[in-house]
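Chains as they are written, first to last, in my numbering: chain A, 13 to 672; chain B, 13 to 672.
Note that these hints are calculated values from the structure, not bench results. Treat the hints with care, since some could be wrong.
Pairs involving identical chains hold if they fit within one copy or between any two copies, as the list cannot separate such chains.
Taking lysine to aspartate or glutamate and the EDC-like style, the derived pairs with C-alpha atoms no more than 20 Å apart in a straight line are [as the list claims (entries may be wrong)]:
| id | residue 1 | residue 2 |
| --- | --- | --- |
| 1 | LYS202 | GLU255 |
| 2 | LYS409 | GLU371 |
| 3 | LYS185 | GLU363 |
| 4 | LYS281 | GLU371 |
| 5 | LYS137 | GLU361 |
| 6 | LYS350 | ASP130 |
| 7 | LYS462 | ASP29 |
| 8 | LYS351 | GLU115 |
| 9 | LYS99 | ASP29 |
| 10 | LYS351 | GLU255 |
| 11 | LYS185 | GLU371 |
| 12 | LYS158 | ASP339 |
| 13 | LYS92 | ASP67 |
Here the structure is a predicted model, which is why all the values come from computation and not from measurement.
There are 2 protein chains.
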Amino acid sequence: MSRQSRVIIENVYPEIDNGRYYIKRVLGESVTVEADIFGDGHDVVAGALLYKHQDSKKWKETRFSPTENDRWIATFRVEKQEIYHYKIQGWVDYALNWQHNIERKIQAEQYVNVELLDGVQYLEKLLKNAGSKHHQHIKYLIGLFKDEQRYEEAIQEALSDRLHDLFVEYPTKDFAVTYDNNLRVYVDRKKALFSTWYEFFPRSASEEAGKHGTFKDCERLIPRIAAMGFDVLYFPPIHPIGEVNRKGKNNTTEAFEGDVGSPWGIGSKHGGHKDIHPELGTIDDFKNLIKIANDYGVEIAMDYALQCAPDHPYVKEHPQWFRWRPDGSVQYAENPPKKYQDILPIYFETEDWENLWNELLDIALYWVKQGIRIFRVDNPHTKPFQFWEWLIANVKKDYPDVLFLSEAFTRPRVMHELAKVGFTQSYTYYTWRNFRHEILEYMEELSNSKGAEYFRPNFWPNTPDINPYSLQGGKESIFLMRYFMAATLSSNYGMYGPVFEYMIHAAVPGKEEYLDSEKYQIQHWDWNQTNKMTHLITMINHIRRDNEALQFTRNITLCDTDNESLFAYYKETEDKSNQLLMIVNLDPYNRQSGWIKTPLNLIGVNEGEPIIMHDLITQSSYTWNSEWNFVEIDPNSPFHLFQIRRPKVYRSGNGYQHPS
Amino acid sequence: MSRQSRVIIENVYPEIDNGRYYIKRVLGESVTVEADIFGDGHDVVAGALLYKHQDSKKWKETRFSPTENDRWIATFRVEKQEIYHYKIQGWVDYALNWQHNIERKIQAEQYVNVELLDGVQYLEKLLKNAGSKHHQHIKYLIGLFKDEQRYEEAIQEALSDRLHDLFVEYPTKDFAVTYDNNLRVYVDRKKALFSTWYEFFPRSASEEAGKHGTFKDCERLIPRIAAMGFDVLYFPPIHPIGEVNRKGKNNTTEAFEGDVGSPWGIGSKHGGHKDIHPELGTIDDFKNLIKIANDYGVEIAMDYALQCAPDHPYVKEHPQWFRWRPDGSVQYAENPPKKYQDILPIYFETEDWENLWNELLDIALYWVKQGIRIFRVDNPHTKPFQFWEWLIANVKKDYPDVLFLSEAFTRPRVMHELAKVGFTQSYTYYTWRNFRHEILEYMEELSNSKGAEYFRPNFWPNTPDINPYSLQGGKESIFLMRYFMAATLSSNYGMYGPVFEYMIHAAVPGKEEYLDSEKYQIQHWDWNQTNKMTHLITMINHIRRDNEALQFTRNITLCDTDNESLFAYYKETEDKSNQLLMIVNLDPYNRQSGWIKTPLNLIGVNEGEPIIMHDLITQSSYTWNSEWNFVEIDPNSPFHLFQIRRPKVYRSGNGYQHPS
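Go ahead and model the full structure; you've got the sequences and the hints to work with.
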């Protein structure tokens, strides 16, 4: 920075930990950058946002606009995957400053002949910077400013918008200051932000009760899942299941003959993380399933679960990757007083960490080469952040399409850190946010904080690990409402089925665990069964595809209501071509009615102008024309999903007239 | 950082712009540092705050304590002037983690003989780290843990506080992570935070009406100023006043014979910034005055005003330090349509900036060598931030006692930036904060935001440039209230006298300018006059000296009241030995009464326990024993300044008993 520089650039947003981490976007999203830009004194200051894709040599530039209190704003759009860089320039714009001052002097009826001569220096710089098409005009101005006989014309030109625009377009940027703290955006494919997940246990896919399901059985279920509108199918681990210390049904420590064990206890004599559990089929069966699913628009997501059963081949091949106790036994997982003797944690502090990391990367790359592009990562919060940052960067370097969902249900800082180091999506606390103020506060945090720049939520109303207390009563209206909110609050959501859609709710008493959980045994399902929930899921998933406003999460605006049981939120696309208002009755037992405050300023209408509220679920329409509107919602169908439409009239001035 | 490190340190406070700027303290103050410190998983994490004075080679260390949500806190005290450095370490504490887990297992009645053996590795590390006085004990424990015959004793020792304390005191810090973004504290002498300023024009100091005052005349006024309790005496510029384009009385552009001009129009044939206006006296007179003032405990603050009259010697000697217009004339200051033809701004963009900076530094150092240790800097916001940062650092490098007060009444970002680059104190918006919500919000900002770490306010109810509208009515109660708040809200405050204490209020109509301002003419004052205000000033200044709680600004807590006209605030010292409650009636016309919420938790008493509210102004005492207390305040004495005392009873258990 030149010692003659007079501009300060500070308080840049978004910037995560001084550029230590990138922010995230998907293809086509915009990045809005804000900064304090100011100089000493009162001279005119200008700022530019410079940005470029990692593969580009040339910076593109857009100019900042001032908002208030020396705060400036500018926006660019990301059009390619992987990293964009951005930085900020600020400078005192001496030419614009000259024009600004001459304008004020002329307004004060001062004689500005000397100021016109003074302006010639800025015109001469402009002549150097501006395209040749402007040269003739600029030369003309230089002559004019020097010619006292044509004073009146000269001041007209000095004040002209044309000259102003030329100065803006071709700044000299004398003594410009640059703010560049390695500001970066990581751009993913669209699915990073808009995805609809379905999870089931392939071993429960058999048509025949008591028989171990296979990938072949799964093929039959793909059309059902696709028809319901899901586009990601996530399987719990498909690797050989440990036989030593295998868990029995309902998580008992003793397994009996025929007990299938937990798929998360990975590794046996049949192999490890690069192998397939023999009872599910072969690698070719799996690759075939991936292909069939893809044909239906469904991607298969694999579980990346970094722990080993005691009989995992690694334990013998790489004993240094585990901890050994003084009595010569291997350290199993524990969280005193609990013991998980079927699982060995990986010892990341090992001196052999480099080989360990490379092997774990190799696992991921192996499956990527088989066609996998999405990983759901099991318990990432119990492995080092540094490892994840390295792993994710290394996978995405060659395969930028690969997405990682962080399954970390833990403390807020830890969940955020995982998102910072590169996880594409994150499980959330949604499952435990039931009351209006809780959901409201949580949505504010997820959509309207710095964290929203890197933490992409994925809402799950249930998982194999969580049978939430709120659903254990089996109340249909609660299932409907919890589903609806997951699918419309967050652009990424998922469910563990068919347990969820069939509203299975039997729990281990006092715990948020499913009774007879599929984690430890095979279940047999009638996959053809349909019900109110399966119909709702199908409908909502299709609405999500057709309504782009539901394909983003940060675009939410929470709406006031006068009834605590009513929860209302608005979503729109950036271009406002798709505008939705969702209203939920949070009371599963009673009809609730009340007034909803519509965000007219966002919708773009004035108080008194009519809008059509078209319910995409019932296909009913209502005309609203005030800011506050009355609704009444029955718990049997506990929501509205309004698409906001304009009446078929043409606007004319401040009034309305019907089409002629 | 080791690749096996598992700890994250983030969200550090205080940290200004990633360590680009330092925070500020005065001698004896504490620095409280907060950070998010956490690791993956559930292992025990520990953190240390390391700090050292710039002249010290060795880091001192204090340990962080967790608060909530992975946030940690630690404090150190600054005992020497100039820079302290601080940084943060975090690590997984494997030894403490081992103790934590064995404790949980023993609670669950598990047999932990293998865990005891496992603990031997931590004892062996402890043996290396701990002082030799602990060696015998640690060796004993190693033997004990290996001896299964003494299992019961071993688990007692394993769980012992003694072992815990040893692990805490001598951590191995395996794979520790260090956060060090050049975090710094600049430590000033106490006066940076606690100072009481008086400003007057020395040329108005003559006893004889119409005669130009001199430094000799000023000597006579020192005892008065000292007796009123001021400890800084600030003079407008004392340099030769320009004669070309000199301003006339009331800022007219034409000066008549005998007009004395503005002291801020610096430089004439008599010299420039290193010279003294001949009519004030000689450099020896000035040095003598500094000495006399010092003997009275008063420091003289000089005005550092970087602009020149057209006849300043620099204009001929260094024409490149000014801007020249195309017609060969020199550029005077202007803010269109206003022209300031008696003043030339310095051209900081000059290619000769290096010589310019050195000369400006030389001015400051010249006066430092004459005995000056405080500068009030005129309009710093119209000179580059970089220059100030360099200048202040260079003066304080050899003279760390020197203080700089920034006279920038401008936009918030600019005022803050000046504080960041090194100004010791700053003028504020206090002069224009009159309503309760305004003052409240402003005090929150000044005391309770990141800015409070570097921005030290100095409150002035008036200046020669500001005769605030609120005072122009001449209402005594407003003068009293504005004075009282300046002196008790902010530990640094000042006034322009004797205009203020004599409640002079005649204004140029429609402007916040004094009529017949001393800026352009000599005034004659009867300096012996006393009134309610001079008595109040004397009393409050002595109360400020005796009550340390008034010697800080960030120690304020704003108190709820049920009457918008009552404004209440509490201040205390860190050790709570001095606790004050101030209550102001903001209504200058009516008695106001209402209820005040006393911050009992800070005071350290419970609801129902009596405290004595001793009014330091009236010497009246009241006993309060509830959280909410009733007060009634007359506008003629529109405040209480309560010192909180304990009744002369001894506390016993939960009740009270009188001394026996």
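Each hint, compared with the structure:
With identical chains, the CA atoms of LYS202 and GLU255 are never at most 20 Å apart, being 40 Å at best within one copy and 72 Å at best between copies. For the identical chains of this complex, LYS409 and GLU371 are intra-copy neighbours only, at 17 Å inside a copy versus 55 Å across copies, given an alpha-carbon limit of 20 Å. For the identical chains of this complex, LYS185 and GLU363 are inter-copy neighbours only, at 16 Å across copies versus 53 Å inside a copy, given an alpha-carbon limit of 20 Å. For the homomeric pair LYS281 and GLU371, the shortest alpha-carbon distance inside one copy (19 Å) is at most 20 Å, but the shortest distance between copies (83 Å) is not.
For a Cα distance limit of 20 Å, the shortest separation of LYS137 from GLU361 across copies, 17 Å, qualifies, whereas the shortest one inside one copy, 61 Å, does not. Within a single copy, LYS350 and ASP130 get their C-alpha atoms only as close as 82 Å, which misses the 20 Å cut-off; across copies the closest is 19 Å, which meets it. Taking the shortest alpha-carbon separations for LYS462 and ASP29, both the intra-copy value of 10 Å and the inter-copy value of 16 Å come in at or below 20 Å. For a Cα distance limit of 20 Å, the shortest separation of LYS351 from GLU115 across copies, 15 Å, qualifies, whereas the shortest one inside one copy, 79 Å, does not.
When the C-alpha separation of LYS99 and ASP29 is checked against a cutoff of 20 Å, the pair qualifies both within a copy, at 15 Å, and between copies, at 16 Å. Taking identical chains as interchangeable, the C-alpha atoms of LYS351 and GLU255 lie at most 20 Å apart only when both belong to the same chain, with a minimum of 17 Å there against 91 Å between chains. Taking identical chains as interchangeable, the C-alpha atoms of LYS185 and GLU371 are never at most 20 Å apart, the minima being 51 Å within one chain and 28 Å between chains. When the C-alpha separation of LYS158 and ASP339 is checked against a cutoff of 20 Å, the pair qualifies only between copies, where the shortest distance is 12 Å, while the shortest distance within a copy is 96 Å.
When the C-alpha separation of LYS92 and ASP67 is checked against a cutoff of 20 Å, the pair qualifies only within one copy, where the shortest distance is 10 Å, while the shortest distance between copies is 52 Å.
Of the numbered hints listed earlier, those contradicted by the structure are 1, 11.
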